[in-house]
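Enquirer: What follows is each chain in one-letter form.
Number of protein chains: 2
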Amino acid sequence: MYGLIGKMTAVEGQRDVLSAILLESLGKMPGCLSYIVAHDPADDNAIWITEVWTDEAAHRASLQVPEVKAAIHRGLPLVVTFSDAQVTTPIGGVGLG
Amino acid sequence: MYGLIGKMTAVEGQRDVLSAILLESLGKMPGCLSYIVAHDPADDNAIWITEVWTDEAAHRASLQVPEVKAAIHRGLPLVVTFSDAQVTTPIGGVGLG
Numbered sequence: 001m002y003g004l005i006g007k008m009t010a011v012e013g014q015r016d017v018l019s020a021i022l023l024e025s026l027g028k029m030p031g032c033l034s035y036i037v038a039h040d041p042a043d044d045n046a047i048w049i050t051e052v053w054t055d056e057a058a059h060r061a062s063l064q065v066p067e068v069k070a071a072i073h074r075g076l077p078l079v080v081t082f083s084d085a086q087v088t089t090p091i092g093g094v095g096l097g
Numbered sequence: 001m002y003g004l005i006g007k008m009t010a011v012e013g014q015r016d017v018l019s020a021i022l023l024e025s026l027g028k029m030p031g032c033l034s035y036i037v038a039h040d041p042a043d044d045n046a047i048w049i050t051e052v053w054t055d056e057a058a059h060r061a062s063l064q065v066p067e068v069k070a071a072i073h074r075g076l077p078l079v080v081t082f083s084d085a086q087v088t089t090p091i092g093g094v095g096l097g
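Protein chains in written order, with the UniProt record's numbering: chain A, 1 to 97; chain B, 1 to 97.
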């Protein structure tokens, strides 16, 4: 498995709009075992995203899905920064697929 | 929902043992929607844990489940440090329950 943890900081006041965009194409990503969008209770503009994929290739392929590309196109202008990026190797747990 | 992201650093050489302990009582935690144990590919001793609970009370209650208490008792001596702790407010996604 291939995992990602990261934080996005949205343009002031745009976190809810950006979160909705992140959530809308989730059903269309083959090999996606977990993709959780969370707000940061200590920062009104921050979103934490934790992802688990069958492998890195599935993650890369998802970025080419038309609905996902369209979502990225709409979401990117609402992002100020990406930070705290961490690649992981998930080994098990609850909520995988 | 209530979420946690955090990193544990295991005693040198004990990551696999600690990971197995973390995974073994997962089925016994009411209100646990996601609990993913992952290795850090850049640090042989580090484990990333990402969790989603129905609410904070469910997380607190899990620490009192006998199997979980026993696992904590066995696992703690294998932990050198906890770091990068982040509380989140999950709002949706794939792999929740």
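You may find that some hints are simply not true.
As a list, the in silico EDC-like pairs of lysine to aspartate or glutamate whose alpha-carbon atoms are at most 20 Å apart [as the list claims (entries may be wrong)]:
| hint | chain 1 | residue 1 | chain 2 | residue 2 |
| --- | --- | --- | --- | --- |
| 1 | B | Lys-7 | A | Asp-40 |
| 2 | B | Lys-28 | B | Asp-55 |
| 3 | A | Lys-7 | B | Asp-44 |
| 4 | A | Lys-7 | B | Asp-40 |
| 5 | A | Lys-28 | A | Asp-84 |
| 6 | A | Lys-69 | A | Glu-24 |
| 7 | B | Lys-7 | A | Glu-24 |
| 8 | B | Lys-69 | B | Glu-12 |
| 9 | B | Lys-28 | B | Asp-84 |
| 10 | A | Lys-28 | A | Asp-55 |
| 11 | A | Lys-69 | A | Asp-44 |
| 12 | A | Lys-69 | A | Asp-40 |
Stretches of chain A that chain B covers, calculated by requiring three or more beta carbons in the stretch to come under 8 Å of a beta carbon on chain B [unchecked claim]:
| hint | segment |
| --- | --- |
| 13 | 39-45 |
| 14 | 53-65 |
None of these hints come from the bench; they were simulated from the model.
Here a beta-carbon is modelled for each residue, glycine too, at the ideal position from N, C-alpha and C.
Enquirer: Quick check: which numbered hints come out false for this structure?
Expert: Violated hints (numbers, rising): 3, 5, 7, 8, 9, 11, 12, 14; every other hint is consistent with the structure.
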